[in-house]
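Residues per chain, in single letters:
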Amino acid sequence: MTVREVARDAYREALPALGASLVGGLFAGVVLSGMRAELRAVPGLLVLVPALLATRGNVYGSLGARISTALHQGLVEPRIRAGDERLRAAVAAALANGLLVSSFAAVAVFSILTVLGDTVAPLPVLVATALLSGLLSGVALAGVVVTAVFAGYRRGRDPDTLVGPLVTTTGDLFGMLFLLVAVRLVLFAAGVI
Amino acid sequence: MATDWTVSAITRAMLPVLLALTLVEVGSGLVLGQFEAQLLQYPTLLALVPVTIGTAGNLGSILAARLSTSFHLGTLSFDPADEHLAGNAVATLALALSIFPLVGIGAWGLTALFGSVQLAPGTVVAIALSSGVALAVLAVAVTVSVTYVAYRFSLDPDDVVIPVVTNTCDVLGVVVLFATVQVFL
Numbered sequence: 001m002t003v004r005e006v007a008r009d010a011y012r013e014a015l016p017a018l019g020a021s022l023v024g025g026l027f028a029g030v031v032l033s034g035m036r037a038e039l040r041a042v043p044g045l046l047v048l049v050p051a052l053l054a055t056r057g058n059v060y061g062s063l064g065a066r067i068s069t070a071l072h073q074g075l076v077e078p079r080i081r082a083g084d085e086r087l088r089a090a091v092a093a094a095l096a097n098g099l100l101v102s103s104f105a106a107v108a109v110f111s112i113l114t115v116l117g118d119t120v121a122p123l124p125v126l127v128a129t130a131l132l133s134g135l136l137s138g139v140a141l142a143g144v145v146v147t148a149v150f151a152g153y154r155r156g157r158d159p160d161t162l163v164g165p166l167v168t169t170t171g172d173l174f175g176m177l178f179l180l181v182a183v184r185l186v187l188f189a190a191g192v193i
Numbered sequence: 001m002a003t004d005w006t007v008s009a010i011t012r013a014m015l016p017v018l019l020a021l022t023l024v025e026v027g028s029g030l031v032l033g034q035f036e037a038q039l040l041q042y043p044t045l046l047a048l049v050p051v052t053i054g055t056a057g058n059l060g061s062i063l064a065a066r067l068s069t070s071f072h073l074g075t076l077s078f079d080p081a082d083e084h085l086a087g088n089a090v091a092t093l094a095l096a097l098s099i100f101p102l103v104g105i106g107a108w109g110l111t112a113l114f115g116s117v118q119l120a121p122g123t124v125v126a127i128a129l130s131s132g133v134a135l136a137v138l139a140v141a142v143t144v145s146v147t148y149v150a151y152r153f154s155l156d157p158d159d160v161v162i163p164v165v166t167n168t169c170d171v172l173g174v175v176v177l178f179a180t181v182q183v184f185l
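As you go down the protein sequences, you meet chains D and Z in turn.
UniProt numbering numbers the first residue of the first sequence as 1 and each following residue consecutively.
UniProt numbering numbers the first residue of the second sequence as 1 and each following residue consecutively.
For reference, chain D alone in the conformation it holds in the complex (with noise of 0.2 Å):
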């Protein structure tokens, strides 16, 4: 192969992905630049969404990729009816770890954060805000991808080559739409208190 088919090839195989993430990714930058009230009030909130939003799509990326693999075996049946036990533990552990890397995440912004001399939030609003934010956006995702996954496999589709473009989709919109209603519940809630 020449270096232009080479080219070629690669452009045409990226192109969808990249324009269904851009679509994902435009509208997450349009609720993003809509809580700058939000972001005002809970200082370092911003310094926090980097590392929520790839939270999202490793956790749930390797969820997708493992739960294609698994189909792709015959472990794992293509369907959620079944209450598969593999199943249940690998979405399980996808959310333990989103919870834990997403408070972890905003421990050690605080923690920096603090040590620079910086404004930052309390450290129990940017942990509610992170858990809340990652449970919700955990659900959504864990939902979406099973449902995906195994809706396209039943369809005859490569289950590998739907998670990437979907979990990149969806993750941001879904890690900033809930990390917006997060950040607001937990504002609400220390208003109260």
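Be a bit skeptical, because a hint or two may be false.
Claimed, not checked - In silico contact screen, one side only, chain D against chain Z (beta carbon under 8 Å); selected entries:
hint: 1; residue: T55
hint: 2; residue: V59
hint: 3; residue: R86
hint: 4; residue: A96
Claimed, not checked - Where chain D lies over chain Z, by a calculated footprint (3+ residues, C-beta under 8 Å):
hint: 5; stretch: 28-41
hint: 6; stretch: 126-139
hint: 7; stretch: 146-155
hint: 8; stretch: 174-184
Bear in mind the hints are in silico, worked out from the structure with no lab data behind them.
In this text, a Cβ means the ideal position worked out from N, Cα and C, and glycines have one as well.
On the provided structure of chain D, position chain Z as indicated by the hints.
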């Protein structure tokens, strides 16, 4: 290589990597924090953040996946004249040139639709496109270097390269966006 499907086995396999990657991402968050005032002043710039990070990470991970496959198939050599290396590098640049103008137009258009914009569409597209081209060059450099290191240390590029490259490109996305905004504003 197959992990047992229990919560504790999956967690043992994943958690150390996840925690390390999180610290890298907190680094990119700290860069965002450095220009928080500008981002809050110009909502369009804030709208560019997730999509720039995401697209940069995707460019890197797609290139990494392709190089890893060529590497496993034995068709890749680390020579600038190698057609797989050069072709994939050219494709990454071409993808950036096609996607990032849309990133700029989309971010400006959606912010105009849902709120108020202060920046001219041309400025936003210029910021997006220059960031995109710089990111494509960096993504190629990072991916090729990391794949080469994985190869030298006999690590499976599939395990190592993709997460390292994706998260490094995420950070570079924020750094490059920050630098570009300082040039244009």
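Results of checking the hints against the structure:
{"no.": "1", "hint": "T55", "result": "6 Å, holds"}
{"no.": "2", "hint": "V59", "result": "7 Å, holds"}
{"no.": "3", "hint": "R86", "result": "4 Å, holds"}
{"no.": "4", "hint": "A96", "result": "6 Å, holds"}
{"no.": "5", "hint": "28-41", "result": "holds (count 8)"}
{"no.": "6", "hint": "126-139", "result": "violated (count 0)"}
{"no.": "7", "hint": "146-155", "result": "violated (count 0)"}
{"no.": "8", "hint": "174-184", "result": "violated (count 1)"}
Going through the hint list in order, the structure does not satisfy hints 6, 7, 8.
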